[in-house]
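Letter by letter, the chains look like this.
2 protein chains.
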Amino acid sequence: MLELRSYVGGKWVAGQGARQALVNPATEAPIASASSEGVDLGAALEYARKTGGPALRALSFAARGALLKAIADAMQEARDELIELGISNGGNTRSDAKFDVDGAIGTLLAYAETGTSLGTTKILLDGEGIQLGRSPRFHGQHILTPRRGVAVHINAFNFPAWGFAEKAAVALLAGMPVLSKPATSSAMVAHRIVELIVEGKLLPEGALQFLAGAARDLVERLGAQDVLAFTGSGDTGERIRAQPNVIRNSVRVNVEADSLNAAVLGPDVAPRSDMYELFLKEVVRDMTQKAGQKCTAIRRVIVPAQVAQEVKSDLAELLAVIKVGDPADEDTKMGPLATASQLAEARGGIEQLGGKIVFGSAGKILEKGFFISPVLIEGPGPVVHEREVFGPIASLIAYSDNPGEIVARGNGGLVCSIHSEDPAFIEHTVAEVAPWHGRIYLGHPKVELSPGPGTVLPQLVHGGPGRAGGGEELGGPRGLAFYLQRTALEGARPVIAKITGAKQP
Amino acid sequence: MLELRSYVGGKWVAGQGARQALVNPATEAPIASASSEGVDLGAALEYARKTGGPALRALSFAARGALLKAIADAMQEARDELIELGISNGGNTRSDAKFDVDGAIGTLLAYAETGTSLGTTKILLDGEGIQLGRSPRFHGQHILTPRRGVAVHINAFNFPAWGFAEKAAVALLAGMPVLSKPATSSAMVAHRIVELIVEGKLLPEGALQFLAGAARDLVERLGAQDVLAFTGSGDTGERIRAQPNVIRNSVRVNVEADSLNAAVLGPDVAPRSDMYELFLKEVVRDMTQKAGQKCTAIRRVIVPAQVAQEVKSDLAELLAVIKVGDPADEDTKMGPLATASQLAEARGGIEQLGGKIVFGSAGKILEKGFFISPVLIEGPGPVVHEREVFGPIASLIAYSDNPGEIVARGNGGLVCSIHSEDPAFIEHTVAEVAPWHGRIYLGHPKVELSPGPGTVLPQLVHGGPGRAGGGEELGGPRGLAFYLQRTALEGARPVIAKITGAKQP
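Chains as they are written, first to last, in this note's numbering: chain L, 1 to 505; chain R, 1 to 505.
No lab work stands behind these hints: they were computed from the structure.
Every value quoted in this text rests on a predicted model; they were computed, and no experiment measured them.
Here a beta-carbon is modelled for each residue, glycine too, at the ideal position from N, C-alpha and C.
Honestly, I wouldn't trust all of these hints.
[Said to hold, decoys possible] Pairs of lysine-lysine, PhoX-like flavour, derived with a Cα cap of 20 Å: (1) R:Lys-281 to R:Lys-333; (2) R:Lys-498 to L:Lys-446; (3) R:Lys-446 to L:Lys-498.
[Said to hold, decoys possible] Derived Cβ-Cβ restraints for the label pairs, each shown as a range: (4) L:Arg-216 to R:Glu-238: 21 to 29 Å; (5) L:Lys-498 to R:Ala-497: 37 to 45 Å; (6) L:Ala-66 to R:Gly-501: 38 to 46 Å; (7) R:Gly-42 to L:Ala-242: 21 to 29 Å.
Given these sequences and hints, build the entire structure.
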């Protein structure tokens, strides 16, 4: 059985003490173990700050972009192996595992390209120069420089490759060294990626460290120049932000947490129309892809009252053909949940949502493994706007006039989708829901290759206000800002011109 | 004696219960009183959200900018009256009071102009449109929309006009209603400004409310669409950010707190040179303007060891001519501290700093009033990098090679100034200190009208990492972002083009 190790201080280090078992969620068979006990976290953080940071800052954006390209290439070469790990350790179907690995590679390549376009500079200009006085000599220019600390990344279990890559790509390109901690239960994919990077010497020493096992007191060790990006539950996000050192040192924290993503069907959309069929297809994909374990998955299906019965029976019909089973089997369409505790959480959530189950059940469907069927709920209680049930579970909610108001009850989310061809309805609903969301997906049957609302694109921001954690990641060059300090330079124009000779982001 | 009232729900409301006395800090005579007890804070917040927000959002940026212009004009008309209130309630010299009032007017006018330049749109585009797929039909566009909550502003005692205006201008221009709470001790100036706005009906109802007296449970009432901008002590900033509802709802909080601003003299600067004289002048101005009660004031004077003795005697000579006394007297150059507790804090701070007092003393200098002399300390203890002493107190620190490393010990600040004519030294020091600061001021004797490092300009960001609170205000249009939600629109290009028809910020 594989013992996952941590990569810190330029060495692979085995943890001590009790080890956490990693299992195949389809069979419950243990396949690896991990422990972070005994790993010197303070030394790892200092190694990043003292060795990794200077090495990255010595490189231009273009050079850092080239490092990302090399990581993407190495992952591409090991793609099949990574996909197999996603199937066995993540309970992913082959298609789900590809989604994760290809998402990671695509994000690395997108930021590699951003690096190329930023060029050989090491300092970024933010906006134009500003004349501050009557004379043009008195001048201002905002610049962006990498923070001198370490970027700690705490990732969720659901996207071991993509979650790792989307955070690491942006931090490394910005010039900050990374200490990446995956969720232990599904850490095998990220562990293998880090092995590839270390074996290939793809990054300068100290630029990337990896912690297998519990985070222990990692967060309590962060200071004013460090940053922390966290993806996971709202409860853990709250605990991180309440840490006294985080508050006292103004540690920059990005939280991407719970989200009750809504899909809104416009009143103009007739059943059987292309837009209607697209809507159904996207709801079913979001409910079942990764067994609904996506932070962006649709949880609330908000449809006009007059078509609610039709939507219900159509969704039930489409869900009925989703074969649930071992993702190692070719014809399986949906795998198990990731862990026993996720399964228990999902079952508890279904009970708490109330309403009437109109498709599936919370019950046991296979002898072994953390399986659950897709579940569609009609008429849930008001808790549907509060509790994220992280699995293949969605609730159907009928509206009579203003769906935007219902969407907003979720108190902030990552993404909301709108399917309509009525420009006035779209415009009104966008205005209603935009302040509550990081992204709005406008379904359109004629947009080729559109990946649906559940897919995070590196070019667009990912995050959301309120319940979703108030954070923001990605968004092309925007994502770099989290790892950079903006500083206004104020003084004589020729002096400032001498310091900055750099491209704008 | 004037009883300050709160302006909430479209009415002036007197507080109940025990009232806090506002005094003239030069004479200790009570001149007004305030209490917020009995003011319905929940109703005030709802009034902002339900009445003020929609009214502001119905206006274009240009129209909101015009409102700011009208406020600036009203303040300009009442300038003498406001200055008199600054003298009597703030202990400001006439010059200090002008600095505050004119800073407020200048900031309002700067954002009025930003409003004009953003034009008649109500929705801001963030960046260019992005082609997301192989086909240009699949399109992304980031937009910025005003948050649907209320902007709570908690201001410091030192700039009752400017502090009010710099926050209110940006929030109102962004389209968010404001509830402004000044520090009670010096609230008379802000109270009068709000009276001018109400009397002149310069803003839509609900767009601006005002709380005289304690904040009570104001912070505990904020939700996911509200924002809070706070200027004041680091301790209070920490308490605000630790509030469970603030953490749970991801309430956006901007904290501008303690800062051990440093002034660095380059090793190339010869005593008696123009650059040297400018450096001395700016240190003395920052120490004594507003009796050193500026968040941006220089606390650490970092000079080459070989000129430290010369700098010390030159500063002592310049400080000796600063006449401390009642700011109502024409020849007074420095007034008292704002309150008895500020005076006690400053005295305690001087003691804690250690080292040798080479100018002034912590002792009593006048029979009545909260007066203290300027104090220059040589060779302070390491606490000089931790404790902000909020008064006319600075410490002289000699360096032999890398002043940037000493500056960084402050753990994050608002502004650092560098006086040098050696491009290599400037470039190196900027690189060292930029990640720790929101602003770097490059002194240059030939830059006409340069206001020194202690002046906050609306065009440049104001804030800093770490100890300074990790926040950012102003910076021209950048400041609007705090009050806006960024949302990525993803979909068919023609649909997105229809929704957005707006100018870029």
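Each hint, compared with the structure:
{"no.": "1", "hint": "R:Lys-281 to R:Lys-333", "in the structure": "14 Å, holds"}
{"no.": "2", "hint": "R:Lys-498 to L:Lys-446", "in the structure": "16 Å, holds"}
{"no.": "3", "hint": "R:Lys-446 to L:Lys-498", "in the structure": "17 Å, holds"}
{"no.": "4", "hint": "L:Arg-216 to R:Glu-238: 21 to 29 Å", "in the structure": "24 Å, holds"}
{"no.": "5", "hint": "L:Lys-498 to R:Ala-497: 37 to 45 Å", "in the structure": "42 Å, holds"}
{"no.": "6", "hint": "L:Ala-66 to R:Gly-501: 38 to 46 Å", "in the structure": "40 Å, holds"}
{"no.": "7", "hint": "R:Gly-42 to L:Ala-242: 21 to 29 Å", "in the structure": "25 Å, holds"}
Comparing the model with each numbered hint stated earlier shows that all of them hold.
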